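Chains as they are written, first to last, in this note's numbering: chain A, 1 to 190; chain B, 1001 to 1400.
No lab work stands behind these hints: they were computed from the structure.
Computed from a prediction, not measured in an experiment: that's the story for all the values here.
Watch out, some of these pointers could steer you wrong.
Label-pair ranges, simulated between beta-carbon atoms [as the list claims (entries may be wrong)]:
#1 A/Gly118 with B/Ala1029: 30 to 38 Å
#2 B/Glu1223 with A/Thr76: 39 to 47 Å
#3 B/Arg1159 with A/Arg174: 50 to 58 Å
#4 B/Glu1147 with A/Thr76: 54 to 62 Å
#5 A/Asn50 with B/Glu1306: 49 to 57 Å
#6 B/Pro1030 with A/Arg168: 29 to 37 Å
#7 A/Arg23 with B/Asp1161: 23 to 31 Å
#8 A/Arg23 with B/Thr1246: 51 to 59 Å
#9 B/Gly1188 with A/Gly160: 34 to 42 Å
#10 B/Pro1030 with A/Gln145: 22 to 30 Å
Listed below are the simulated DSS-like cross-link pairs for lysine-lysine, each with C-alpha atoms no more than 30 Å apart in a straight line [claimed, not checked]:
#11 B/Lys1368 with B/Lys1332
#12 B/Lys1368 with B/Lys1110
#13 B/Lys1252 with B/Lys1368
#14 B/Lys1110 with A/Lys133
#15 B/Lys1232 with B/Lys1252
#16 A/Lys133 with B/Lys1368
Cβ coordinates follow ideal geometry from the N, Cα and C atoms, glycine included.
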Amino acid sequence: MLLNSRTSADTGAMGSAGRRERRDREFTEYLQARQPSLLRTAYLLTGDRNQAEDILQSSLAKLYLAWDKVSDRASTDAYVRRIMVNENNSLWRRAWKRREHATEVIPDSPHHDTYDDGRGAALWDVVTSLPPKARAVVVLRYYEQLSEAETADVLGISVGTVKSQCSRAIAALRERVPADLHPGRQEGDR
Amino acid sequence: MNTERPENDTWEREMSSEFERRVRDLHEAPLTLDQIRGRAGSIKRRRAGMVVAGVLATAALITPVALIAGGSDDSLQPPVATHTPTASDTANVQPPANQGDQVPYLSGRKLHRADGSTLVLPQAYEGATDLGDRVVAWANNPDELNEITVDVLYVQDSRADFSDSYAAALPPLTSQGGSYVVFVSTDGALQTVWGDGERVLAEGLPRYATTPVAAVGEDCATECRVYVTLEKEQRSVAIDQDGTQTPVAPGKSRVSAASANGEVVAVIRFVDDFTACSEVLDTRTGAVVVPETCDYRFDDISPDGEHLLAVDPQTDGFGPAQVTVLDRDLNKVATVDTTRSQGIGGYRFLDDQTVVASIYDFGSVTWKLVTLDLAEGGPVQTVLGPLPGSDLDPPFLLAD
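All chains, please: the whole structure from these sequences, using the hints.
Written out as structure tokens, the structure is:
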């Protein structure tokens, strides 16, 4: 069990440096491949570009710390999504954070259609007013296109809760988006 | 997608389309590996401050040695702990009945004492040491980023109320026997507090570069010894109750733990920025009790000095995946093991025969407290939890 300290130290140093190099290389590859996509999800979760980058940075930092534990690389995105949702929930809870961002800028939007009949903006307003956990459900379901079971797994909630949150979100849209902007209404109906 | 109401399908498609529209011009990758590693370092230091209140010596060791050696300002900062109350997740969670006894822990404003009773503290703290008639508790000063507030509380029935308060550079360390605490005040004094007294052992210490790592003796009225690491010099010195300072080991090294009577200490020697080797020394003769090994890092010694709590010296990330109990011949006596989705937050000897550890599960976002009984061959038993709480927002904190 007891190794010669010199030999052991040398081996340990090389092993550690090698392991870190490998981790950094793998992580950089993941970062390059997945960062834009994760940023998009983060934006939809927060509705604010600065906050999106903030939670993405925290989430990726946590992923970096846990990199060696994430054995199944195929599930890495799901792992990061879960961290992002938790980060966003925490951010939302911190009143000082809300104040900080509330006075910062008008909520930005990376894209505006030149033609927008107003339905998109109205829908987005409703989505951004949802509590963060409910919003996470609809983002994962309708943007990430996860199944109800996958969404439940990422969020650590039951499938029934996913269903009920989706139903409530749609009910909120139906109720709060002006009737003349409801899907299916023709221009002439307004 | 939705079979209940056809109209719902339309809304779902509208949401999908709107989400796509909102982000379709976002193709950037604004974060670099260096930025992420920087944030990771700060998270790691926060976790150390949050979770291992009972094993601060260990937490200090987890801070990358390279940062200290490189003179980074970050290395001189105390762990910044921000205990954010999370009402929905933790505040209303009660530990199951008959669990958690004999392992002191904090949950909100309650200090669950080793005898099973509960004390209500005047506020929530990040850590606490039960000294019997007094409790020393600490929290981050919300108005001063690099400052810890150490409150000395008097126990009256089931409550504890303010008595004295100190401003400290780092959270207090509890002595091996649990009878006193020591910390470095913001003016560089090495302050000790025990059940019915206080004493300053040394003054003029570099306040963010002096880390108490082990303390032995009943109290500092008559005889005590505190081991501190001078971070910039990467060496530990022993400071006695009369202020006498004695070097512990030659070269770059630090004490990580001591037996309750102070007769043996674990010393970690830094080979380079990435490698640390451990040994155990007899403090009276300087003799090597456990020869140096680079296979383990010794993070704690049982009060009787017979067992070591060891981890992989290359441990990085959240915390060790495994904590091993070794005897003096480095035979494995028992282990606290985890699954791939778990990490060990804090760990220490509770007494000669018991190890306590907090384990975080990344998958279920829960914490649990486990003990390992050496006398019974080391089965790991869950004594508290799993309880919901994120990695930075645990539902309980180990106390002393």
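Now the hints, each set against the structure:
Between A/Gly118 and B/Ala1029 the beta carbons are some 33 Å apart, a value that agrees with the proposed interval 30 to 38 Å. Between B/Glu1223 and A/Thr76 the beta carbons are some 55 Å apart, a value that contradicts the proposed interval 39 to 47 Å. Taking 50 to 58 Å as the suggested C-beta distance range, the pair B/Arg1159 and A/Arg174 conforms, at roughly 53 Å. Distance hint for B/Glu1147 and A/Thr76: a CB-CB separation of about 38 Å, inconsistent with the stated range 54 to 62 Å.
Range check, A/Asn50 to B/Glu1306: about 55 Å between beta-carbon atoms, so the 49 to 57 Å window is met. Between B/Pro1030 and A/Arg168 the CB atoms are about 33 Å apart, so this pair conforms to the stated range of 29 to 37 Å. Taking 23 to 31 Å as the suggested C-beta distance range, the pair A/Arg23 and B/Asp1161 does not conform, at roughly 49 Å. Taken as a hint, the range 51 to 59 Å is violated for the pair A/Arg23 and B/Thr1246, whose Cβ atoms sit roughly 40 Å apart.
Restraint check, B/Gly1188 to A/Gly160: a C-beta distance of roughly 58 Å breaks the suggested window 34 to 42 Å. Remark: the range hint 22 to 30 Å for B/Pro1030 to A/Gln145 is upheld by a beta-carbon distance near 25 Å. In summary, the hint linking B/Lys1368 to B/Lys1332 is supported, as the alpha carbons are separated by about 24 Å, within the 30 Å threshold. Distance hint between B/Lys1368 and B/Lys1110 is fulfilled; the C-alpha atoms sit about 17 Å from each other, no more than 30 Å.
In summary, the hint linking B/Lys1252 to B/Lys1368 is not supported, as the alpha carbons are separated by about 36 Å, beyond the 30 Å threshold. Taking the CA atoms of B/Lys1110 and A/Lys133, the gap is about 29 Å. The hint holds against a cut of 30 Å. Distance hint between B/Lys1232 and B/Lys1252 is fulfilled; the C-alpha atoms sit about 10 Å from each other, no more than 30 Å. Proposed proximity of A/Lys133 and B/Lys1368 is supported: the alpha carbons are some 24 Å apart, at most 30 Å.
Hints 2, 4, 7, 8, 9, 13 from the earlier list are contradicted by this structure; the remaining hints agree with it.
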